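**Student:** Next come the chains, spelled out residue by residue.
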Amino acid sequence: MAPSHYEIRTVARGWARIGSLAVFTEGVVEGSPVGRRVVLGLIALGAAGVAVGAEVEEAVDKVTAPLRRSDPTGLTELIPGTGFEIYTVASSVPHLSAADYQLKVHGLVNQPMTLTLPQLEAMPQTEMTRDFQCVTGWRVSDVHWSGVRLADLLDRVETQPTARAVTFRSFDGLYTESLTIEQARRSDVLVALRMLDGPVSYEHGGPVRLYVAPMYGYKSIKWLGEIELVDQVDPGWWEVRGYDVDAWIGKSNGRDDQPV
Amino acid sequence: MSRGHGDVGREHDDVGREHDMGPEHEDAAAETRAGEIRRFGLSTRWVHRTTAFLFGVCIATAAVLYVPQFAILFGRRPLVMTVHLYSGLALPVPTLLGWLAGLGLRDRSGAGFRRDTAELNRFGPADGAWLRDHLIVGPARRLRRRPPATSTSITTTAAAAVSAAGAQNSGKILLGGKFNAGQKLYAAGVAGSIVVFLGTGLLMWFGADLNLPDRYRTGATFVHDLFAYGIFFAACGHLWMASRDPVARAGMRTGYVPSWWATTEHPHWDTRTNADPAPITQKIGESSR
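For the record, the sequence lines run as chains A and W.
In this text, residue positions in the first sequence follow our numbering: the first is 1, and each later residue adds one.
In this text, residue positions in the second sequence follow our numbering: the first is 1, and each later residue adds one.
Simulated from the structure, these hints should not be mistaken for lab results.
Keep in mind that a hint or two might mislead.
Unchecked claim - Straight-line distance between alpha carbons at most 25 Å, and here's what the computed DMTMM-like set of lysine to aspartate or glutamate pairs gives:
1. Lys251(A) / Asp214(W)
2. Lys251(A) / Glu239(A)
3. Lys62(A) / Asp197(A)
4. Lys251(A) / Glu85(A)
5. Lys104(A) / Glu239(A)
6. Lys62(A) / Asp214(W)
7. Lys62(A) / Asp142(A)
8. Lys251(A) / Asp131(A)
9. Lys251(A) / Asp188(A)
10. Lys62(A) / Asp225(W)
11. Lys104(A) / Asp234(A)
12. Lys251(A) / Asp209(W)
It should be emphasised that the depicted structure is a prediction, and the values quoted were computed from it without experimental measurement.
Kindly produce the complete structure, drawing on both the sequences and the hints.
**Tutor:** Printed below as a string of structure tokens:
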């Protein structure tokens, strides 16, 4: 051993036993502080990752996008920063089959109605391919959506002039969302029946969810069970917990994402 | 290892020692127990326990937040987020308390953790040899394999230090050999990861309030996710190895390991500084009869 090569450091004082004697000693550990270097190295790695992580994630997303489209296992969902995250606020959400599903539309309307899935499917279908942007930062590009324009549905139930806003309720029993009547009548707001080239799956909010293209994901309520026309905006589940009520992508929640 | 027997032995040991050398030498007495060696003090064991518990909570809640199947199964996202946040914030606390508790205190009451972290930090020649033996695989390993010449020199130095200490009734004792290089690397990895988790986690949580640009918030999320994978697999390996060694587990549970285990598992551990000397063993035998 070459002592000059290794640092020596006093680390502990205390009673130790040597033979039959108890002695007060200084303990010495020999060697280089590799542990400290590993800790500092990891911190540097983490800092570098924060600095360039967004670009790396984008690159990873591009590479894995084709894999994700043809992945039956769902394992690609576990790649950091790619694909959809699944968020649910209720402890459990009922599984509704296509036959069981019903959408109640009521409130300040002349023709309140409860629509079944076949009835919704019989209405004119609108398709669009748009990104899904979450307020927590992740974005899924070029998602294929299809369903009934909310504007068409509002026409069908004949909203009254006093209706100024729409409240949406999930059949999970907890989650709610809201839009002003003007926002709800935009052509890029869908009552989505299909996404990702199939019926809306259970974890994505199936059989029926909302898709509000120009707003952050929390506006696109999953497991849509009820639409009520009301006279003023009733802030939604996340909105009473701090998120912006008008959730325009890139212009709210302190974020500057590219608009959809 | 019989837990009950060990306890009885220790009780008598303490009594005999107090009578023998007076209460001021109790620290040394705590180091010994029939046929066993003290590996971890109370502070180290409590830091390990609480950190492991908090990490367990963090990993379990992370799984619910991140893995779609668990998210659907458990739901309740805001509750899970809150638990994850606070267990994450608490994660470095046991280590910090362990360090503070060790300030100015003798080995038995808290300095044990400081002593252990100091040893975990330092990599000597034996650690280099261990890493070469364990981390280099395949043809490269055969090429690089060397005789473990370093072990003898360490023992020599230790012996010199011990004899010097014995002669003056105070002095320097070479500590070390209690951990192998893999355990040192794991400890450093966990410590560094805790700092990274804390930093990126705070950026994720307070990023909006700090008006941090989106790209750094995304970067922080990315790093947090990647390190989570790393620590998950590392912790699985840690548990896997613990599952295969009941003596090592008992060492962390009780603080003591049998001498034979110390000499086989940690040949560089200079156990003479806290081994159980023969006269004491006899005393235990007499007093229990």
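**Student:** Does each hint fit the structure? Answer for all of them.
**Tutor:** These are the hints, each one checked on the structure:
no.: 1; hint: Lys251(A) / Asp214(W); in the structure: 12 Å, holds
no.: 2; hint: Lys251(A) / Glu239(A); in the structure: 15 Å, holds
no.: 3; hint: Lys62(A) / Asp197(A); in the structure: 19 Å, holds
no.: 4; hint: Lys251(A) / Glu85(A); in the structure: 22 Å, holds
no.: 5; hint: Lys104(A) / Glu239(A); in the structure: 23 Å, holds
no.: 6; hint: Lys62(A) / Asp214(W); in the structure: 19 Å, holds
no.: 7; hint: Lys62(A) / Asp142(A); in the structure: 12 Å, holds
no.: 8; hint: Lys251(A) / Asp131(A); in the structure: 16 Å, holds
no.: 9; hint: Lys251(A) / Asp188(A); in the structure: 17 Å, holds
no.: 10; hint: Lys62(A) / Asp225(W); in the structure: 18 Å, holds
no.: 11; hint: Lys104(A) / Asp234(A); in the structure: 18 Å, holds
no.: 12; hint: Lys251(A) / Asp209(W); in the structure: 15 Å, holds
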